[in-house]
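Quick note: the sequence shown uses this note's numbering, first residue 1, plus one each step.
One or more hints might be untrue.
[Said to hold, decoys possible] Taking lysine to aspartate or glutamate pairs in the EDC-like style, the calculated list, with each CA pair at most 16 Å apart, reads:
id: 1; residue 1: Lys719; residue 2: Asp789
id: 2; residue 1: Lys937; residue 2: Glu959
id: 3; residue 1: Lys756; residue 2: Glu641
id: 4; residue 1: Lys841; residue 2: Glu873
id: 5; residue 1: Lys937; residue 2: Asp476
id: 6; residue 1: Lys359; residue 2: Glu331
id: 7; residue 1: Lys756; residue 2: Glu691
id: 8; residue 1: Lys937; residue 2: Asp977
id: 9; residue 1: Lys841; residue 2: Asp789
id: 10; residue 1: Lys540; residue 2: Asp431
id: 11; residue 1: Lys908; residue 2: Glu953
id: 12; residue 1: Lys756; residue 2: Glu675
id: 13; residue 1: Lys937; residue 2: Glu966
id: 14; residue 1: Lys359; residue 2: Glu241
id: 15; residue 1: Lys540; residue 2: Asp528
id: 16; residue 1: Lys540; residue 2: Glu530
id: 17; residue 1: Lys359; residue 2: Asp431
id: 18; residue 1: Lys937; residue 2: Glu920
id: 19; residue 1: Lys908; residue 2: Asp952
id: 20; residue 1: Lys719; residue 2: Asp787
id: 21; residue 1: Lys756; residue 2: Glu693
id: 22; residue 1: Lys719; residue 2: Asp763
id: 23; residue 1: Lys841; residue 2: Asp763
id: 24; residue 1: Lys359; residue 2: Glu333
id: 25; residue 1: Lys540; residue 2: Glu450
id: 26; residue 1: Lys427; residue 2: Asp528
id: 27; residue 1: Lys540; residue 2: Asp434
id: 28; residue 1: Lys841; residue 2: Asp787
id: 29; residue 1: Lys719; residue 2: Asp696
id: 30; residue 1: Lys841; residue 2: Asp798
id: 31; residue 1: Lys908; residue 2: Glu81
id: 32; residue 1: Lys359; residue 2: Glu416
id: 33; residue 1: Lys937; residue 2: Asp974
id: 34; residue 1: Lys756; residue 2: Glu677
id: 35; residue 1: Lys359; residue 2: Asp519
[What the hints assert, rightly or not] Pair ranges (Cβ atoms, derived):
id: 36; residue 1: Tyr357; residue 2: Asp66; range: 55 to 63 Å
id: 37; residue 1: Tyr357; residue 2: Gln642; range: 50 to 58 Å
id: 38; residue 1: Asp390; residue 2: Leu606; range: 56 to 64 Å
id: 39; residue 1: Glu211; residue 2: Thr363; range: 13 to 21 Å
id: 40; residue 1: Phe432; residue 2: Val656; range: 27 to 35 Å
Hints are computed from structural coordinates only; laboratory data are not their basis. Model, not experiment: these values are computed from the prediction. For every residue, glycine included, the Cβ atom is placed at its ideal position computed from N, Cα and C.
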Amino acid sequence: MMQAIQPGMTRAFRRSLFAGASGLAVALSLGVGVAAAQDAPRQDEPTEVDEVVVTGFRASLSAGLDAKRRENNMVDVIVAEDIADFPDLNLAESIQRVPGVSIDRDAGEGRTITVRGLGPDFTRTRLNGMEAQATAGGTDSSGGANRGRGFDFNVFASELFNSITVRKTAAAETEEGSLGATVDLLSTRPFDRNGFTAAASVQVGYNDLSEEYNPRYAFLLSDTFGANDEFGALVSLAYSERSLLEEGFSSVRWAPAAAPGSTNSGGFCSPVGFAPQNPGNSGANGSNAANCATGVPRPANTAANNTAYTTANQASVFIPRLPRYGRLTHEQERLGVTGSFQWRPAETTLFTVDVLYSKLDATRQEDFLEALSFSRNAAAGGQTQIHVRDAAVENNMLVYGVFDNVDIRSESRFDELTTAYTQIDFKAEHDFSDRLRGSFYYGNANSNFENPVQTTVTLDRQNTQGYSWDFRGNPDAPVISYGFDVANPANWAWRGANLGTGLAALPRSEIRLRPNGVDTTFTTAQADIEYDATEFVTLKAGVNFKTYSSDSHESRRTDETLVPQLPAGVTVANISNLLTGFGQDLVPTGTDTSWLRPDLDAIADLFNIYCNCDTGVPGGDFRMTSITNGNARAGNRSIYEQDLAFYIQADFNTEVFDMPLRGNIGVRQVNTVLEAEGYSSTGGGTLVLGENEYSDTLPSLNMVLEPVEDLFLRFGAAKVMARPPINNNLAGTNFLVPTTSLSTGPNFTATIGNVKLEPFRADTYDFSIEWYFAPESLLSFAYFYKDIDTYIQLVRQDLPYAALTALNPSAFAPAFCTGTCTASTIFQLTAAVNTEGGPLKGFEISYQQPFRFLPGFLSNTGVQLNYTHVESEIDYCNDATCAVFVTADLINLSPQSYNATLYYEDSKLSARISAAIRDEYLQNVPGRNGNNIEGKKETFNLDASASYQITDEIQLTLEALNLTDEANHQFVGDGLDRESTSVYHHTGRQVFVGARYRF
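Please model the entire structure based on the sequences and the hints provided.
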């Protein structure tokens, strides 16, 4: 009996359906396959074979298997179904069909990949033969702007590429820099097909959450010409738009409700006469036996108040720091262009020039309705003023609470984001003789990301009574009651500079202006030579010289929390508008679905906030500063890297006891020189320079043995390295630049960079069995083991500012502790250090087959299945001195992942449905705000596509993505039982309908 997968089903039940269907398919096909093998004629007997013409998705799978089979290394290959027609609309989502590959999404679209548990910083991506990096902006929960080494696959349209190769084992001839895999993206070239070729596609997309329609189109022209077709030229273009909404709950992590421990915000206000009193007496804040703060009396000493306070105010109880519902409105335009020009003046010579350009323009509006006080300390008018009227705790979480004196905020942020990627490369190949060949390659790739507008504005309400949250009915989408009509402008305030800067003025409304960007450039020159020394051995040697630079910039206002007061006659109603229709299929009854939000355009016009000037009124200084601004300084840094590598390699192809044996053995020697610069806290921004140099000798071996026909045994062993990350995107932390940074509010943080970080290093071992038991079919098992002996991690420690001063008196001088900062203010200090790492091991099982043996229309069906299991034991340093370690999984590692595609294909109709399951995984260890871990929950993504061939030239297409409307679900926790939701957002389902034309 068939049962449909529904969004409400449990994860375990979904997985059981998946496993059951997969097992049935494997058993059925192998049973028939073995029977067919037993009945097959002897190889010396003549057989009559009907010609089978394979097209479309089946042809793509078949071509990928052929390429995999021919390789000496362990690889997986994805090939376009047709010219300018890749199997998936997104590159990352195509790659996730490969065993061992999982992806991470941003705004509902695949952005980065993880290979065998190793995240984006461990994987190198090459475009048309050269290492490259595409950098894009993202939401804060997905890491924001990419300032690291990872590759953002959402910058490119999939229609621009002809094939993807995922190289899972190292060879001396392959560039170093990867512990996970090297991913090769290859665009289409004119000599791929002889003569004139033209293709075009048009689609219209619809998203069921945003209820918006968007276009997507592509075309390609290619021709070969000349007396002997010695010239070739190709140009392709792809353009698409996306309009979508992202809605959900977030908390910006959870934190302890009370001391002891330095990651809390000071605890709640105790009732009158309760011992011990919290907060203690303070002349600065006005707290005493009768008051939580100046003008804020303590709650009465009643049994109910005492019980609620003692229930909530515990160091072991965690509370959401910034509980909020929000809507993100995404608008994207993506343009991609490729050009390829080839010249073959002789059979022995080939010149190729490839040009690749992609531009991703986007805007993002973020609107949040949030409670501010729980993440702020006494000096900021925060948690220590809150009365707890009622409380319930489950699993060390304050899952229910009713509170007084809570500051409420309506926050709107608007971003303009642009990524422009340009790559030009040239390759010359020449056969000097039948046995001697050589090639030369030169390329330059630049990715320029700019976020020229990043503006956040807030409306605020001080000391709201009767605010409550309730997670008991749904831990991911709580009932939140604000205690007032959040849609009425009369209930909100614009809290300007006229209120002063004292405690009674808090919270102040904010205007944050944070333009930023990052520019990365790769330049590569490579020369290779091959010599057929014997019939069985080919010798290879080469040199590779590569430079890499990454330049980041950021500017901010000097004080974002001072804003002008409203002019006479202007009210909140004039600078706001209403967000409506929030929470479709998301929020529980009792939660507001409309609220007042700042009108960014009206506020920008009213105060001239983009003038980069001081308007002359209190709070009206909108001058942008960078290096001299302590809160922006850390975003201004540069990395320059120079890599020189040499390799020698021997490819062999022989027999051992009449069994074909082939492979390669070689060694790669690489030297890395790193220069880093940034600005530290001293003297209003002191230039700091740092250098590091290291060398690595990287031997490698790959062997393929064919003991019987169509059965391959593969073995690989290598030493590998991956260069240190530039920063941690999710935590926004600098790794390499040898600077200190200091943020003095509203979040108090400090960092120290470490230019002397050693790279990740590991010894890797791989073994696989591949059985090509029938045409277009494969059953394989692969085992991998990586001994990571050099690892890099973040270490966090919470220290009072006085301790920072003792640690680095010049960078953290008392004079830099301004505003609400005092010597006792707790700062979170973050630094990157080398640790010993640990082992990573796992296995992959893959099965692929067309069911030609089944009767009737079922003979046109087929399946592609894979399963990956990964384990790791990484020793994470758990304190600033690395005296205490905790063992946990590698960051970004999902212990299990599954992929399945069931397809149907005949001469007219092609249809398939694909599922991808990824286990939950860690994102930060140790976590922030007193959490041991930060992570992301399991995902289940279901996609479908179909096409119908009307004529030889015209095809109708249908694509359906994210049919389960899977949420981005992130959490923080203790690594044991508690998993507190920090993000739960969904983006809706996407459908594309269109047509393709090919001549």
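Point to revise | Violations among the numbered hints | key: 2, 17, 25, 30, 36, 37 and 38
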